[in-house]
Amino acid sequence: MDHINVKLFAVPGTRVPWPDLIPIFHRWIRENVLEGTLIDVADYAHVPDGPGVLLVAHDAIFSVDNREGQPGFLYNQRTSRSGSAIDKLIFAYDQAANAAKLLEQELPALRFQHDNFEVFLNDRGTTADAGSVLTAAVEALCVERFGSSCVTSEASGDSRHLPRFRVRPAG
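Residue numbers for the sequence shown follow the numbering used here, beginning at 1 and rising by one.
Hints in this document: simulated from the structure, not taken from any laboratory. If you're wondering where the values come from, they're calculated on a predicted model, not measured in any experiment. Idealized CB from N, CA, C, for every residue including glycine. Incorrect hints may appear among the rest.
[As the list claims (entries may be wrong)] Just the calculated beta-carbon pair ranges, DEER-fashion: (1) Pro23 with Arg78: 20 to 28 Å; (2) Val143 with Pro19: 37 to 45 Å; (3) Pro108 with Ala130: 19 to 27 Å; (4) Asp20 with Gln70: 15 to 23 Å.
Sequences are here, hints too, so could you generate the full structure?
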């Protein structure tokens, strides 16, 4: 299970200050704010329901996106990592949550729901078994990070789409 994506949804009603993201991400590159090798910034904020503003790193892409009209902070693991599916998912979630928290400190009007997120695998070769592995990993993540189980729902039942789950803690 590689190429894990975690998207923390923006608090409803949040307006993303797209132009403000670009200088912040460029400074993060200069100051090595995030773990790993940060490479470049790409601005796709003009694309409706698109990828937004991306911070490209060697191992991952961090972005504030607006796919499907739902703004959020997206972490996309680009390279393979060692470890169990649970370890990989927790790492991806932590990368998203930590970077989103840094961005929230810089742009106080921009808020993300750290307990309302989406998880998906960006692998076309993903098998049906990957969905059950991902479900178990999500449950372990919720217990580890929130101390409770989660409510998950498949974002798409269409077999042509990648396994994608909407997640929020139960209760």
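Please test the hint of 15 to 23 Å on the beta carbon pair from Asp20 and Gln70. holds, 20 Å
Cβ-Cβ distance between Pro108 and Ala130: within 19 to 27 Å? violated, 38 Å
Beta-carbon spacing of Pro23 to Arg78 - inside the hinted bounds 20 to 28 Å or not: At 24 Å between Cβs, range holds.
A range of 37 to 45 Å was offered for this pair. Does it hold for the Cβ distance of Val143 and Pro19? holds, 39 Å
When each numbered hint is compared with the structure, a violation occurs for hint 3 only.
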